[in-house]
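Participant: Work the whole structure out from these sequences, hints included.
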Amino acid sequence: MDSIPALTIEDVANIDGVLQDYLQKSESDLAVIIDKGGNVISQYGDLEVMDVTIIAALAAGSFAATKELARRIGEVEFNALYHQGNGSHIFMNSVDDDTIMITVFGGQTTVGLVRFYSTSAASGLANVLRGLREKTSPGFQFSPSDIRDAHLFEN
Amino acid sequence: MSIINYASKEIQFKIVYYGPALCGKTTNLAYIHSRINPDNRGDLVSLATAADRTLFFDFLPLNAVVIKGFKTKFQLYTVPGQVIYNATRQLVLRSVDGIVFVGDSQWEKMEENIDSFKNLEENLAKQNVTLDDMPYVLQYNKRDLPNIAPVNYLEFLLNNRKKRVQSFEVVSSTGQNVFAALNAVSQLLLHKFSRDSDPARPATAPVALPRRR
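Protein chains in written order, with the numbering used here: chain A, 1 to 155; chain B, 1001 to 1213.
It should be emphasised that the hints constitute simulated quantities derived from the structure, not laboratory data. Glycine included, C-beta positions come from ideal geometry on N, C-alpha and C. A couple of the hints might just be wrong.
[Unchecked claim] Heads up, incomplete: computed chain A residues facing chain B, CB under 7 Å, no partners named: (1) P5; (2) T8; (3) I9; (4) G37; (5) M50; (6) D51; (7) G61; (8) S62; (9) T66; (10) Y82; (11) Y117; (12) F142; (13) D146; (14) R148; (15) L152.
[As the list claims (entries may be wrong)] DSSO-like, lysine-lysine: derived pairs with alpha carbons at most 27 Å apart: (16) K1073/B with K1009/B; (17) K1009/B with K1068/B; (18) K1192/B with K1163/B; (19) K1162/B with K1071/B; (20) K1071/B with K1118/B; (21) K1192/B with K1162/B; (22) K1009/B with K135/A; (23) K135/A with K1192/B; (24) K1009/B with K1192/B; (25) K1009/B with K1071/B; (26) K1118/B with K1163/B; (27) K67/A with K1118/B; (28) K1192/B with K1068/B; (29) K135/A with K1118/B; (30) K1126/B with K1162/B; (31) K1068/B with K67/A; (32) K135/A with K1163/B; (33) K1068/B with K135/A; (34) K1192/B with K1126/B; (35) K1126/B with K1068/B; (36) K1073/B with K1162/B.
[Unchecked claim] Derived Cβ-Cβ restraints for the label pairs, each shown as a range: (37) E154/A with E1111/B: 29 to 39 Å; (38) N1128/B with T8/A: 47 to 57 Å; (39) N1160/B with G85/A: 47 to 57 Å; (40) D16/A with K1118/B: 36 to 46 Å.
Facilitator: Now the structure itself:
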């Protein structure tokens, strides 16, 4: 029997606290925490901007795709990536071995400011996530009767 | 595997369509995208070459309320089938929850089918996962073409592990059994995480079962 690791409402509040502080200081629009498989763990900020699920999948891919490039210059992987647009930009940095933080920001701030505050935000998040992994909670399980039967998706 | 977020009441599952080059993985996702209500899905994102070959992956997010009280997001990915892109396939397989293996029914593709299936097992092994632990179903695609192998033969080649899995005769271009396979793998992975862990209760009747003699 498998269970799904669970973030309680309190865990989410802890993560949101770190992200709120980070967005305020860095004057960014949106921060998304994802695992390296592309799953969204938590998000904070202007969520109307885009489809966060797609951003997460593409960001995880982008991060992974540069790993080989990093290896060619003697690194294990890059700790941070920056994609510069005309008006909107994306900055991504490692939180821990399995987790990435994506920051979306516009012309109201600078990449330097985002980069500066992202370091302390990442280390704050790493602490929260480490605490979660050390917890011995059973995770999330559900009963088979909770599952909608048969045809989940209709043709 | 994802983390469940109790604050947003969301669970995410990752399903990967795997198989040899040009077997119809992207066509599967395109068909699903075209048939599902836009309120319940996101955009189909394709990272393809100019010649429409998948370079990195295709991605389609689907929303459903399948577990009482929770929004469930199914993230559908394809891998690039071409042999040289193995590193990319390993990346896409990271934290996968369920797999649809798309086999090409044409006689001349049998070797590629077997190679791709072996490649899937090897790539899962690199994540310390085996197919025995992984919810997966088989599709025998392109059943509308004239030069196809019989289902019995495909079963012999691809479905001869100790634990037999559900398999489907599929025509991904017209959508035949595309949803049957998606529903089957979704049910398998949901039941894997459910409390009783009821092993592989078939959700839909298998379409392409081999004839026993």
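Participant: Does each hint fit the structure? Answer for all of them.
Facilitator: Hint check:
1. Annotation: interface hint on P5/A holds; nearest CB of chain B at approximately 5 Å, less than 7 Å.
2. Evaluation of the T8/A hint against chain B yields a held restraint, the C-beta minimum of about 5 Å falling below 7 Å.
3. With a cut of 7 Å, the hint placing I9/A at the interface with chain B holds, because the nearest CB-to-CB distance is about 5 Å.
4. Among the interface hints, the one on G37/A holds; its C-beta lies about 3 Å from the nearest C-beta in chain B, closer than the 7 Å criterion.
5. Restraint check, M50/A versus chain B: the minimum CB separation of about 10 Å is more than 7 Å; hint violated.
6. A least Cβ separation of about 5 Å between D51/A and chain B falls short of the 7 Å threshold, and the interface hint therefore holds.
7. With its C-beta approaching chain B no nearer than about 6 Å, G61/A sits inside the 7 Å limit, and its interface hint holds.
8. Hint on S62/A is violated. Least Cβ distance to chain B is approximately 9 Å, over the 7 Å limit.
9. Given the 7 Å rule on beta carbons, the hint for T66/A is violated: about 11 Å separates it from the nearest Cβ of chain B.
10. Given hint, Y82/A at the interface with chain B, is violated; its Cβ is 20 Å from that chain's nearest Cβ, farther than 7 Å.
11. A distance limit of 7 Å between C-beta atoms decides the matter here; for Y117/A the minimum to chain B is near 23 Å, and the interface restraint is violated.
12. A cut of 7 Å between beta carbons decides the hint on F142/A: the least distance to chain B is about 5 Å, and the hint holds.
13. The criterion of a C-beta within 7 Å of any C-beta in chain B is met by D146/A, whose closest approach is roughly 4 Å, and the hint holds.
14. The criterion of a C-beta within 7 Å of any C-beta in chain B is met by R148/A, whose closest approach is roughly 5 Å, and the hint holds.
15. At its closest, the beta carbon of L152/A sits 5 Å from a beta carbon of chain B; the interface hint therefore holds under the 7 Å criterion.
16. Note on K1073/B and K1009/B: the hinted pairing holds, with a Cα-Cα distance of about 11 Å set against a maximum of 27 Å.
17. With a CA separation close to 10 Å, the supplied pair K1009/B and K1068/B stays within the 27 Å bound.
18. Distance hint between K1192/B and K1163/B is fulfilled; the C-alpha atoms sit about 15 Å from each other, no more than 27 Å.
19. With a C-alpha separation of about 35 Å, the suggested pair K1162/B and K1071/B falls outside the 27 Å cut-off, and the hint is violated.
20. For the hint pairing K1071/B with K1118/B, the CA-to-CA distance comes to about 35 Å; that exceeds 27 Å, so the pair is violated.
21. Distance check on the hinted pair: K1192/B and K1162/B sit about 18 Å apart at the alpha-carbon level, within 27 Å; holds.
22. The straight-line distance between the Cα atoms of K1009/B and K135/A is roughly 20 Å, inside the 27 Å bound, and the hint therefore holds.
23. At most 27 Å may separate the alpha-carbon atoms for a hinted pair to count; K135/A and K1192/B meet this at roughly 23 Å.
24. Our distance criterion of 27 Å between C-alpha atoms is met by K1009/B and K1192/B, whose separation comes to about 19 Å.
25. At roughly 6 Å between alpha-carbon atoms, K1009/B and K1071/B fall within 27 Å of each other, so this suggested pair holds.
26. Restraint check for K1118/B and K1163/B: the C-alpha separation of about 16 Å stays at or below 27 Å, so the hint holds.
27. Proximity of K67/A to K1118/B is assessed by CA-CA distance (about 25 Å); at most 27 Å being required, the pair is judged to hold.
28. For the suggested pair K1192/B and K1068/B, the alpha carbons sit about 16 Å apart, so the restraint of at most 27 Å is met.
29. At most 27 Å may separate the alpha-carbon atoms for a hinted pair to count; K135/A and K1118/B exceed this at roughly 37 Å.
30. Between the alpha carbons of K1126/B and K1162/B the distance comes to roughly 21 Å, so the proposed pair stays at or under 27 Å and holds.
31. For the hint linking K1068/B to K67/A, the alpha-carbon distance of about 39 Å lies beyond 27 Å, and the restraint is violated.
32. Restraint check: the Cα-Cα separation between K135/A and K1163/B comes to about 35 Å, which exceeds 27 Å; the hinted pair is violated.
33. Taken as a hint, the K1068/B and K135/A pair is honoured in the structure, with Cα atoms around 26 Å apart against an allowance of 27 Å.
34. Simply put, K1192/B and K1126/B have alpha-carbon atoms about 21 Å apart, close enough for the 27 Å limit, and the pair holds.
35. Restraint check: the Cα-Cα separation between K1126/B and K1068/B comes to about 34 Å, which exceeds 27 Å; the hinted pair is violated.
36. Proposed proximity of K1073/B and K1162/B is contradicted: the alpha carbons are some 31 Å apart, above 27 Å.
37. At about 37 Å, the beta-carbon gap between E154/A and E1111/B stays in the expected band of 29 to 39 Å.
38. Range check, N1128/B to T8/A: about 28 Å between beta-carbon atoms, so the 47 to 57 Å window is missed.
39. Range check, N1160/B to G85/A: about 51 Å between beta-carbon atoms, so the 47 to 57 Å window is met.
40. About 45 Å separates the C-beta atoms of D16/A and K1118/B, a value consistent with the hinted range of 36 to 46 Å.
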